[in-house]
Amino acid sequence: MADRAKPGLTRELIALRVARELAPGNVVNLGIGLPTLVGAHAPPETNILLQAENGILGYGGFTEEDFDPDLINAGGQPVDLNPGACFFDSSVSFDMIRGGHIDVAVLGGLQVSEQGDLANWSVPERGGGSIGGAMD
6 MADRAKPGLT
16 RELIALRVAR
26 ELAPGNVVNL
36 GIGLPTLVGA
46 HAPPETNILL
56 QAENGILGYG
66 GFTEEDFDPD
76 LINAGGQPVD
86 LNPGACFFDS
96 SVSFDMIRGG
106 HIDVAVLGGL
116 QVSEQGDLAN
126 WSVPERGGGS
136 IGGAMD
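Quick note, this note's numbering runs 5 ahead of the 1-based positions in the sequence shown.
Treat the hints as calculated values from the structure; they're not laboratory data.
Be a bit skeptical, because a hint or two may be false.
Unchecked claim - Simulated restraints, written as ranges between beta carbons of each label pair:
(1) Glu69 with Ser118: 35 to 41 Å
(2) Leu76 with Leu123: 26 to 32 Å
(3) Ser118 with Thr51: 28 to 34 Å
(4) Asp94 with Ala45: 22 to 28 Å
(5) Asp94 with Pro74: 18 to 24 Å
Glycine residues also receive a C-beta, built at the ideal position from the N, C-alpha and C atoms.
Please put together the full structure from these sequences, using the hints given.
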């Protein structure tokens with residue numbers, strides 16, 4: 006089967022485009038994958054409050070020389086805590102989303118067709134993602 010991939014935006018440009026859609030003061034859930042890049046493109050003066058599915062509210066980027074390997078987002082990437090940050094379990098994290106306490110949820114797509122159809126699950130025997138998380 007021939008590769009039908011069309012040239013498009015880079016992951017960084019997509020993240021930048023999403024960050025530009027965020028309003029000052031938004032509470033934003035960043036899903037796994039490309040969404041984790043969005044926080045790096047949100048200007049600090051907008052005071053965006055980031056929430057991770059694994060139960061962190063109020064995190065930001067990290068510095069290579071001063072990071073805690075046990076402090077990670079849902080994608081396993083190291084993060085730093087902002088003043089006032091808090092922790093909770095993942096069920097509370099999704100309750101916050103379902104309850105309307107999160108202004109924006111930026112979801113990662115495991116597979117997206119040329120027409121924009123989203124498949125965020127796969128057959129468990131094949132490895133990879135499966136239904137759950139944001140699809141809950």
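To see whether the hints hold, each was checked on the structure:
{"no.": "1", "hint": "Glu69 with Ser118: 35 to 41 Å", "in the structure": "37 Å, holds"}
{"no.": "2", "hint": "Leu76 with Leu123: 26 to 32 Å", "in the structure": "30 Å, holds"}
{"no.": "3", "hint": "Ser118 with Thr51: 28 to 34 Å", "in the structure": "33 Å, holds"}
{"no.": "4", "hint": "Asp94 with Ala45: 22 to 28 Å", "in the structure": "26 Å, holds"}
{"no.": "5", "hint": "Asp94 with Pro74: 18 to 24 Å", "in the structure": "21 Å, holds"}
No hint from the list above goes unmet by this structure.
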